[in-house]
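Trainee: These are the residues of each chain, in order.
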Amino acid sequence: MPRRDDIHKILIIGSGPIVIGQACEFDYSGSQACVSLMEDGYEVVLINSNPATIMTDPMMADEVYLRPLTVDSIKEVVKEEQPDAVLPTMGGQTALNLVSDLQKENFFDARGINVIGVNIDAVEITEDRQRFRELMEEIGIDQCKSRTADSLLDAKEIVEELGGLPIVIRPSYTLGGTGGGIVWNYDELEKKVLRGLELSPVHQVLIEESIYGWKEFELELLRDNNDNVVIICTVENVDPLGIHTGDSVTVAPSQTLTDKQYQKMRDQAIKMMRSIGDFAGGCNVQFAVEPGTDNIYAIEINPRVSRSSALASKATGYPIAKIATKLAVGYNLDELNNQITGNTSACFEPAIDYVITKVPRFNFEKFPNVDEELTTQMKAVGEVMSIGRTFTESLNKAWQSLEIGRAGLGADGYDDPDRKTVRQRLMKPHWDRLLHVRNAFKMGTSVEEVADITQYDPWFLQQIRHLVSLENRTEGQTLEDISKEDLYELKQNGFSDEQIAYLLSQTGEKVKEDDVREKRKEFDLKPVFKVVDTCAAEFPAETPYFYSSYEGENESETSDKPKVMILGSGPNRIGQGIEFDYSCVHAVLAAQEMGYEAIMVNCNPETVSTDFDIADKLYFEPVYWERVLDIYEHEQPEGVILQVGGQTALKLGKRFEKEGIHIFGTEFNMIDFAEDRGRFSNMLKKLDIPFPNYGTANTVDEALNIANRIGYPVLIRPSYVLGGEGMRIAIKEDELIEYTDRILDTHPENAFLIDRFLEDAVEVDVDAVYDGDEMHIAGIMQHIEPAGVHSGDSSAVLPPYSMSDTAIEKIKKYHEMIADEMNIVGFLNVQYAVQGDDVYVLEANPRSTRTIPFLAKATGRPEAKIAVRVMLGDKIKNFSKKDLTSTLEHWAIKEPVFPFDKFPEVKKELGPEMKSTGETIYFMKDFNDEHFKKPYEFKNMYLSK
Amino acid sequence: MTLPERDRAVLALSDGTVEHGWAIGKKGLTGGELCFNTSMTGYQEIFTDPSYYGQLMMMTYPHIGNYGTMERDDEAPKVMIAGLITRAFSEEFSNPMADGSLQKYLERNEVVGISGVDTRKIVRHIRTKGVMNAVISSTELDEEKLVQKAKDWPMMKGLELASQVTPEEAQTVHADGPYKVAAIDYGMKQNIVNNLQERGCTLRIFPAKTSTEEIEEWDPDGFFFSNGPGDPNATAEYALETVNYAKDTGIPIFGICLGHQLMALSEGIEVDKMYVGHRGANQPVKDLDTGLVNITTQNHGFGIERDKVDEEKAEITHINLNDNSVEGLRFKNFPGFSMQYHPEASPGPHDSFYLFDRFVELLEEQQTEQAE
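Chains as they are written, first to last, in this note's numbering: chain B, 746 to 1690; chain P, 113 to 484.
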């Protein structure tokens, strides 16, 4: 069946602000859905409250509604737009729940609006554990055995039925799994059952067979209207069952299943998808497999595009969201082409000839006292994906991508734990468990022992032990005597030059990263770039989607066109998330408009920037110096753009400059200059611009001296950080000592700053673009919360609502003075503190910021694109009036969203360290609006000192 | 923990391409037509598929050997491939159900192999240059000599290989059911036997060159012509007699892969060597009867082009969605149908098991008719 002609206008619902468990993967899916529908000639209406998304760009849909994701706003939009259909599967659980709620009132049916991409019944079945269990029993799919107990005696009987301990207890009808957990011994059983019965409002607990230690798998499915089903990707979790898949290290394809086991799982997945309804679209199914048996249990099924489908899309090259959308509007799989090869069918199952590793990124350091143990509730804020021809290569690359200062999986000089620590960290799942697996092997522990403790499949452990064997061999070698063959083998296993330098320094003289690079050049060892093509090279591919490896043949042919290399922002984390990906995508578009070939480098599978059809060439690679330089040397672009990839990209600036590589836009020494408080303050002094009194310290004593000089309260912060990492306000000496100690622990190499903290000041965030002659102010945002709360955590109002004209004029004047003095070309963000008519400069950031997309959405201007075009040589005077005129009628407010519900043990307080994961935009007409009144009333409540 | 000792090995293609790597399996020299398979699971089933007899198998998925080997995954009593090429061979494995490592299995089956090769490069090479012969050696390492050996290796085209893998004696596999099927074994996979047996077909598995008299004596209700290696045109020289005999009996016939090609040849439909064969477990095939698409297991280097099918002789029932090639035929002059791909899977998706049902339905119809 071709596309449906009975529907013309389709409403897509987004997923709202970024929260843990629902991040920018839904910008990827929503954007793909929009593109997919628009290219088929449908009119697309989009609702989403998240301004940082690409999907809410005017070019993505015919009508974009930046409104809160509530039942009421959807009703409003439907009333205004009268769509024929609604597609709820691209906006995560948020969108599904909204449509489900609306459908309970018969809202869509009553208006003759089709819900496409899923049956609402399917959503209900999959969310209702009991109905799901019954359905699975009916179709003969195995699950964990379980029964409910109303008393301790009952519970004990059930435990016997299930074959004894361990078992899992789940109190009925408690929120978020409260009171549940695994029970290992009979004392615990009694305690936990009684507690569970007490906690349960219906005095009931579910006693479930424990499948702790089973292997976990996920399958991504697509089904069309003709009931054809294909499996796009199989993902194997390296972490055994018991850890949320979002928090697990995962690989694709499956590594440890025989074909018979895999096909059994495939059959079951298809059966399950067919059993929950007859919709056309995407679906994700999770399974547990008992090691050493053919036993497979179904865990859950999600009838929508998910984080895993984003990963599966990037892992295979198959655009799941785009195709799922086409299926939802009537196409069948065999009517669609595989866009990667161009001329084979989309109705197939990708074959891959590389290994994908996904590693989650956590932000525990932002939440003191947080419980870091990984459980069934997701705690990761982002993830990286890496591609290698082997698991070991892709594993090391993943650790290079994480941007946590590591040069790979260990072997970089950071590890020196004792046996006891290693054992403890292996016993319980933590973010760094794989590192400790490596440490255990370094201490000579056997694969069997580590497998016994961690329940990791031994195959993964054998691979990591192989890495350690290579480490050991290399430690006995020197830079002079290492052979080409041995060095090549290290590179093939993903070791970075930095790791190799460390290993070669063990016996001989200290070897530096650059020395290893030199040595590689001597040996003519450089990476080749392979194509992600969905078909293991069986057919020619048209898509420029590459990854590096050390092998025989290079497939990435370079063109003669002038090129720009754009560095992405790596994994999502608090303080650096989707907002930067937004700017990256616009940088690509701007570069293309200016006639450049745009080359994107990034390693975040959740993003739009890593879609194969955004840039002219995509390198799915760590934003890590060695890898980036390899790509640079291969492509020879005219220069690089670092100002859109957050600190990830900027951190590499010094090294680009040292190599003599052109950085577009503001000169790098000026970017560096902005971080150097001393030089920056001298400049402000020279310009006669006020700033809070401050000092730079390297030790506790220096900090105390400065504080005594400038007076308490003081703000302490390490330099070169984003999202206020490690920032604290100290009101007295002992606090200052405590915080300073902490910074010295976590950032030993950085000097840190002690600022006089301006009490009761209003904080103002200003983004602008400067081209050397002219300034374009993107927006002046006034924070509702007082100075001291991180700007990313503040509710910001555009334009200012309670500042004097004098102050605003001063800000504009200062901004231009700073831009001119720093020779800014492109972005300039400055944060100001305002007391009455007095304006103080807090800091300047000559780069794209978190607020750029918010401003673009609030004003209707393509702010990121304007800035990048200016960086590439365009002038503000060349832009059309439309591009430079704001469409904002009243006020727009940016509202932060916090993850405190995921970390109940953490105190809910705000301060100079950013804690929010995402934000929404809200347009208000006046200050009686709840969205303004609420934060305003509570503005002083949260400040943590 | 020290790194294991390794021996060097060389892969030499007949066009002069040479790759270096490490020896796996048995040490020695081997040669054959170089083909690749894109399946990501099921290496043991592939290695024991008799259709691969005499071919060098290159797996496109880099890690091979991860879950060891186990008896139940054998598709034939011995390894059929002539040699193995991988990117990252796993000598160690993790499957508690396995009998042993793939290395031990290859040694036991005397298979010579090479690992550490840029397999993707070779796939792209064959894709553009067409299929060719190659040798793998871990004894002789001289590049020139090996290229010459690859050049001298017998070409697959015109090669009759089914007689090399067919059983020496007929054998009966009993099933709990009413049908007797004569299976002509040109290198039949075990899962074909299993699928027919599960559906109530008692099989008499006959060697490829069994006389029609001997088959007639057993008095079958249906015929099955199996998959197998080599050039179907070469096998046809002796096999068409059996196929024609089967057609004359008027009882249902089912053919898979080589069997399918023989049935087509018997009707005058040409079967040609493909530029690059289909080998993998992800090929989309559309059943034109139902409109449904099955993801299929394929392993063939010879095939039938659509325009070669005479409508008077046969109806095309299945096509490959990637290249539109013929995947299934229903014959007009006798009650039979045949599949180019492998509905028995193993390895691969189980989507096409229904074709065995179709065959059994034909047998059932015949019995009903006879009863009336």
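These are calculated hints, taken from the structure and not from any lab test.
From a predicted model like this one, the values you see are computed outputs, not experimental measurements.
Just so it is clear, CB atoms sit at the ideal spot from N, CA and C, and this is done for glycine as well.
Any given hint could turn out to be false.
[Claimed, not checked] Per the computed footprint, the stretches of chain P lying under chain B, defined by three or more beta-carbons under 8 Å from a beta-carbon of chain B, are:
{"#": "1", "region": "225 to 236"}
{"#": "2", "region": "303 to 317"}
{"#": "3", "region": "340 to 352"}
{"#": "4", "region": "403 to 411"}
Trainee: Does each hint hold? Answer for all of them.
Mentor: Hints, one by one, checked against the model:
1. 225 to 236: With 6 residues in contact (Cβ-Cβ under 8 Å with chain B), the coverage given for the region 225 to 236 of chain P holds.
2. 303 to 317: violated (count 0)
3. 340 to 352: violated (count 0)
4. 403 to 411: With 4 residues in contact (Cβ-Cβ under 8 Å with chain B), the coverage given for the region 403 to 411 of chain P holds.
The structure is inconsistent with the numbered hints 2 and 3, although it conforms to all the rest.
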